[in-house]
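Colleague: The chain contents come next:
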Amino acid sequence: MSAPIQAPGTPSGHAAFRHFPLNAWYAAAWDHEVGRNLLPKTIAGKPIVFYRTTKGRAVALADACWHRLAPLSMGKLRGEDEIMCGYHGICYDADGRATYMPAQETINPSATVHSYPVVERHRYVWVWTGDPALADPDMIPDLYMNDDPNWAGDGKTIHVNCSYQLIVDNLMDLTHEQFVHGSSIGHDALSESDFEVTHAGNTVTVTKWMLGIDPPPFWKRNLQDRYPDYEGPVDRWQIIRYTAPSTVAIDVGVAKAGTGAPEGDRSQGVTGTVINTMTPETDNTCFYLWAFARDWCLDKQVITTRLREGVSNVFFEDEVMLEAQQRGIEANPGYDFYNLNIDAGSMWTRRIVQRLIDRELGTEVEETGEAAGNAAREMSTLTGAANAEEQQNANGGTGQGAEAAEAVARHREQPTAGLMGRGF
Amino acid sequence: MGATTHKRWGKARVLDVCEVAQHVRQVVLEPERLEAPAPPGSHIDIGVYVNGRADVRSYSVVGMGAYGSELILGVQLARQSRGGSAYMHALRRGQVVQITQPLQNFPLNYGKPGYVLAAGGIGITALVAMGKALKARGANYRFVYGARSRSLMAFVDELAAEHGNRMDLRIDDEGASLDVAELVDSVPEGGELYVCGPTPMLDAIKAAWAKAGRRPADLRFETFGSSGRFAPEAFAVRIPRLGLETLVPHDVSMLEALEACGADMMYDCRRGECGLCQVKVLGLEGVIDHRDVFLSDAQHEAGDRLQSCVSRVVSPRTGGLAGADGQQAAITIDVP
Ligand code: FES
Ligand code: FES
Ligand SMILES: [Fe+2]
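As you go down the protein sequences, you meet chains A and B in turn. Quick note, the first sequence lines up with residues 1 to 424 if you use this note's numbering. Quick note, the second sequence lines up with residues 425 to 760 if you use this note's numbering.
These are calculated hints, taken from the structure and not from any lab test. C-beta: ideal position from N, C-alpha, C; glycine also.
The following label-pair restraints were derived from C-beta to C-beta distances: (1) A:Tyr338 - B:Ala584: 36 to 42 Å; (2) A:Glu192 - B:Gly588: 48 to 54 Å; (3) A:Ser193 - B:Ala631: 23 to 29 Å; (4) A:Glu192 - B:Ala641: 16 to 22 Å.
Some residues of chain A that are not near chain B, with every Cβ distance over 12 Å (derived): (5) Asp31; (6) Thr53; (7) Asp154.
When you get a sec, could you build the whole thing from the sequences and use the hints?
Modeller: This is the structure we're talking about:
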């Protein structure tokens, strides 16, 4: 029995609630959700109020009045692009500058609220929560299938009581479909087939092909939209593409087996893209904006609805598991994840996110084992002095303190090397 | 319960270091804070210095000292060690070290109809506390302890006295080697076999266990980094896609060497269990010495991938390939 002997407190390590980078574009809402009304949302821990000007431009202002921090979302829209605080009536324009102040004839020049950079793209309203000087719209993940004549689809938003990172993990490892979604898209081949992970810059790709399998019900039906008489085996693919910090676009589909899909000819199949972008609300809650876009039967609205509702049911199964997992994490503050080979995709995303955060905080460290690095650092401060003398003769150890921080590895000593090597 | 606990580091004072067998020293530590006694099968991680660099090693907790506040370790000076055991042997009374709380990867299940504990060599350190616990509960158990010769066997007299005729010493040069098939046979149906020892012993037991059709989960073993089939040698590793090439010295892991030459490597356990540090093998001059417990025998056989944290490559000569001219081993790989 191993008792968790750490007192409950802020967890650390893999299982901990991850923080999120602030220098990032997060999808705050669907385009249709932002209008001539005040939409308050917390994005990456920041209270923000969204609205649209009469000319149609989306605006995101800090949802706290400069005066006494009353939420601006309790006020009302005024004129073409202004918002009026519901408490004492200060008005701000779309840039967050005061345009009217009660009971004085002038306008205090310091009366401003932060206006967050906003870009509307591919049906989402994206907001930049960090340093506005760095807000480059080219960094918005390319989710064009959400808004492209060669694709048809729709989606929804789910508010999930878990860290956005758990959803990224979930999407980076689709072996879970076999267990969580057994009745629709799950398939034994999922956990049995090999996958390949690659990473480059701020992206990670996980590729899995399942050749010559019986299609699961969901995919059988989709293929029959296009080929109503086909009953045979299929080649199925899942190509998961992650873009930091929290967007995952999954290229999925099936084609008649042996018609060349793995080589790039998908003409005998159907292709979908599961678009997922997760927006942290707090450390342990998030908004999950998803859509399913397809490349077949584009003119059939009934298929759009069928797929949206079908995927919605599937994602509800994830939601139940993810919220339970979050509670599990919170109920076990002394414990870490044990990461497996199937977690390779998610481990890369976590590493990339951690690097983004480190860069943002200016705490970039040398690439070392996190745990070993910490151990070594603590060790060097606590025992450096004591050991220094002892080691002088043993190892001629010098500069230990400095080098300790770079030390890697929690290798096990090989307790048996050399003994009994040929004994058995 | 084996869920992974957060490691918490704290100070411990060295109370005693003494020789308990040839090349084996007992190290007694007094942690500044110990909130619970070390359970049987647990280990601690300890900060060591290897060639002046801070590093981390793991040692099984042999038991608790008489006052219940000390942790006893047994450390063998490993010939091919990377220096961690040399550091441990050089510890002095009064010195302060950094250790974790006892960590558990090798828990003992109570309530089984029978147990066999099988230790090979220094692997005994993981099983001493289990033997004590089983005896205290009046369990039905047999304790097998094997080694090449008696002088190498730490704690052997105490164990013989403690366990009487439940203790079964198998000492090669006294003509009583371990019979693996008999060992497996002696585990009653529904009972468990706990093993800690060198790789050839563990491999032989695993094979015999499988052959006898026993339930895999009833064979319990600790995956202290395997010692492999060959002594470690230096070898070259290339990653053509990244234009990287480096030499892996005999006392550095492939994973560390790749990290040092700038490859962005994924890993977690760093002891051959989790499967995260896997690399794809594209070409090989030599023989792979697989030292992980993640891949299956068939996957080892196929040789198209390996776990870089523990597995190594040896030259064709060492690996026994015909016609080898003794050149250094080399491997060409790709990484995620
Ligand atoms: S199998 Fe992954 S959490 Fe249990
Ligand atoms: S890091 Fe876990 S197997 Fe190598
Ligand atoms: Fe799912």
